[in-house]
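Respectively, the protein sequence lines represent chains A and B. Heads up: the first sequence begins at 1 in the numbering used here, then just goes up one per residue. Heads up: the second sequence begins at 1 in the numbering used here, then just goes up one per residue.
Among the clues, some could well be false.
As the list claims (entries may be wrong) - Distance condition first, Cα-Cα at most 27 Å in a straight line; then the derived DSSO-like pairs of lysine-lysine: (1) A:K309 with B:K2; (2) A:K213 with B:K35; (3) A:K213 with A:K55; (4) A:K27 with A:K50; (5) B:K35 with A:K242.
What the hints assert, rightly or not - Per the computed footprint, the stretches of chain A lying under chain B, defined by three or more beta-carbons under 8 Å from a beta-carbon of chain B, are: (6) 247-259; (7) 288-301; (8) 394-400.
Keep in mind the hints are simulated off the structure, nothing from the lab. Beta carbons: idealized from backbone N, C-alpha and C, even for Gly.
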Amino acid sequence: MVFALLKYGLSKAYPAREEIPRTPDLKSHYDVVIVGGGGHGASLAYHLAKHHGIKNIAILEKGYLGGGNTARNTTVIRSNYTDQRSIRFYARSLRLYEALSNELDYNMMYSRRGQLTLSHSDGVSRSLRLRADAGNFCGEANEIVDRKQIKDLVPSLNLDIKGMPILGGLWHPNAAIARHDAVVWGYAIRACERGVELHQRTEVVGMDVVGDKVTRVRTNRGDVSAGIVVQCVAGYSSVVAKMVGLKLPIRSYPLQAMVTHPIKPFLDPMVSSTALHCYISQSARGELVIGGSSDPYELYNTRSTLELKESLAASALEMFPFIGELKVLRQWAGITDMTPDYSPIMGRSPLSNYWLDAGWGTWGFKATPASGFFLAKAISDNRIPEEIQPFQLDRFERFDLVNEMGATAASH
Amino acid sequence: MKIMTCPLNGPRNITEFQCHGEVHQQPDPATTGDKEWAAYIWMSNNTAGVVREWWCHTPTNFWFLAERNTMTDEILATFPIPADGPLGEVL
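With the rest of the complex left out, here is chain B (with noise of 0.2 Å):
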């Protein structure tokens, strides 16, 4: 079983999260074009290495942000979503 913790619930199974993908930011729609939200809506870094991902722990549906490596399957940090502040957007 892989642990996980959770900044709600504290340590918790893996199978009770839902994984939400990489943590990028919305480009304003008022003034994207076409292309470029397409991108927004398709494209992904897709990184091998460190990323940053919204998560969700399901039964208490708490939303957060953790940081992973997707070479090694480790889970390096996880932390609730700043109240104010940049959320650390991969572009």
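Pulled out of the complex, with its shape left as it was, chain A reads as follows (with noise of 0.2 Å):
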């Protein structure tokens, strides 16, 4: 036994096991060119290699998997939009989300807890009415609730903000958070297991377009030819579609947020308020994390601010007063593609074999699964699938907006 222990811990041979497979060698072409190694594009790869059989795909990936935005996000999965179109498609995110950790063989640590959403004006309370209505309209489970029900739900919080008391709440039991390594990991991993290759630390540095194709990728490792390219790059969306000599309707401002120490479980459901610009909830491991409203003005810098973090203190301060000997134990910043109507852009570009996922601001860690399941149909298809064509590029020409700004927590 202790021979064997000594053998183990000599051997320079360790039995552990290499889920993701090493960078391999860029080939010639692929069929699909994904580029952006996070969450979508790892679950758009899984998606086409399991249900559509394309498996020559290549993830380009500029730093390392998931090590962008889908790191630096707060992990909460919810339904509870304003426009049927949106409902439905983050209702379906939401229900494989539910079904990720079976589907996968790999533990999400996805935990359903319930989202409270604070109102403290009279406009907000009519505005969360009609969110209430319209989920319950597309069968998703939502409630009104009163500063009594508040009360029972998180008998912490502070209902009487001075200045701004509680009114009441859009209570949706069914949100839920997950750890987001783990979801771009096993997408990756069980997409690997099907012949996708994952190229980490490969930067696109510029793609070829004759006509109305994209028939270059070109690499810091080489150059590829490639069928179909796909960009998933929230964060630099701008910058990549320009490659192809696309302008997209986004903005990119930084996101901070942070989490304290941790302490011992006191807050189930997550809360988020609208007026107070910050939304929190508590970890598996019992750090509370916490997240507010996009920085002042554009940038594509991950700094932190003073100001931010003070006034999401501040914020958090005046929800939960006692959390005030609490230390800040890790703070970060990721950056958001704004788009005008807070919904993201999905499907067709303008070039006929180049495909957007983009402009995925706030909203993209819970429509990591549902993103990849449509584009990849789509993809496979060649034509857009009902629940993503509202969210296409040309809605802007049409002016047919999905509006969701009264949706998103952490608003402007």
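Could you use the hints to bring the two separately framed chains together as a complex?
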């Protein structure tokens, strides 16, 4: 026993599983090139390989797998939107998430918590009522709750915030959180098992366009030709689209978040306040995850500012005054690609073999399974499924927007 | 605290200012097609690098132009709106 342990300890060949394959050499051609190795890219690759038999796929990631906005969000999964088209899409994503650990045989640490959105004014109460009714109409559970019910759901919440007492709220029982790394790892592992190539530290530096087709994708490790190219680069959508000569209706802002040191579990639901620009949840580790609104001006920079962190802390303290003694353990920022209607851009581009998965603002993580599912179907059938039809880029030309500004807690 | 220099009021805390987006030229509504007009309304260069933008000092409602690097978060220059001549739009 002792010798076996010693032998194991000194051995150079640990029997550790290498689930994510090392980056292979680039081939000269792929049927599908996915630019961006985050949750959406991995999800798309998985669905193409699993359901549509397309296996000659390369995911090109400039950094490491899931190191971008997949690692920088606050992992909220919910479907309480305003427009029926969005509710149906996000509800589908929520259903896929509920079954995802089984589907991928990989633990997502999916945890159904419920989300409480607070109202501090009559105007917000009306918009919450609209969201509740719209959700219920589409078969998604939503409920308007009063102060007493809020107290029962979150006993530690301060209902009488000075100047803006809590009037009521929207209760969304199916909202959940999941481990963000596990989502992208799970998809990538199962995609790679089916023949997808994951190329980490492979930065796309340019693309050649001939006529209405992208013919070559140029990277820092060599060029490849591609049948179809899809961009899944949250945070850099405009930059990558510019490589093929496209302009998008996107403006990029940093969004800052932070976590406190871990404490005993006291907060089961996620709590978000539109008026305070703040949302809080307690992670499985016991840390309080605190997120807020985007920075006030456009930036491609993930630096943090004291002003934003101070305002996050101030809002969190208004809701939970007793957390004043807690220390901030980590803080970070992600880049959010904001669209004019706070809805994503999925589907075709003006180029015939270039597809978009962009404009994921502050709502990308919750859509990871559904965006991959529907986009894979669209690419394989060369026909846009009804579910993502409303989110195509040409909606702006038609002035047919899917307005979800009121349904994102972190609105400006 | 980040400082921005207002051409009228001098160096002030950046929280006193509002950014109103990139300077871009409005096409002539009389001769512009729907597609181009939609592009003018919605599309954005969203440049990663040096941009030229409209800013406003909120307390005094003074509008001016600024050049800023969106990669490094540096304000390179601020200047009043030229009395005549181009604003330096990026198309």
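Hint-by-hint comparison with the structure:
1. A:K309 with B:K2: The given pair, whose Cα atoms are some 14 Å apart, holds under the 27 Å limit.
2. A:K213 with B:K35: Holds - the C-alpha atoms of K35 (chain B) and K213 (chain A) are around 21 Å apart, at most 27 Å.
3. A:K213 with A:K55: Within the cut-off at roughly 21 Å; holds.
4. A:K27 with A:K50: holds, 21 Å
5. B:K35 with A:K242: Distance ~19 Å between K35 (chain B) and K242 (chain A) Cα, so the pair holds.
6. 247-259: This one holds; 6 residues, not fewer than the three required, reach chain B with a Cβ under 8 Å.
7. 288-301: Three-residue rule met by the segment 288-301 of chain A, so holds; n is 6.
8. 394-400: holds (count 3)
Comparing the model with each numbered hint stated earlier shows that all of them hold.
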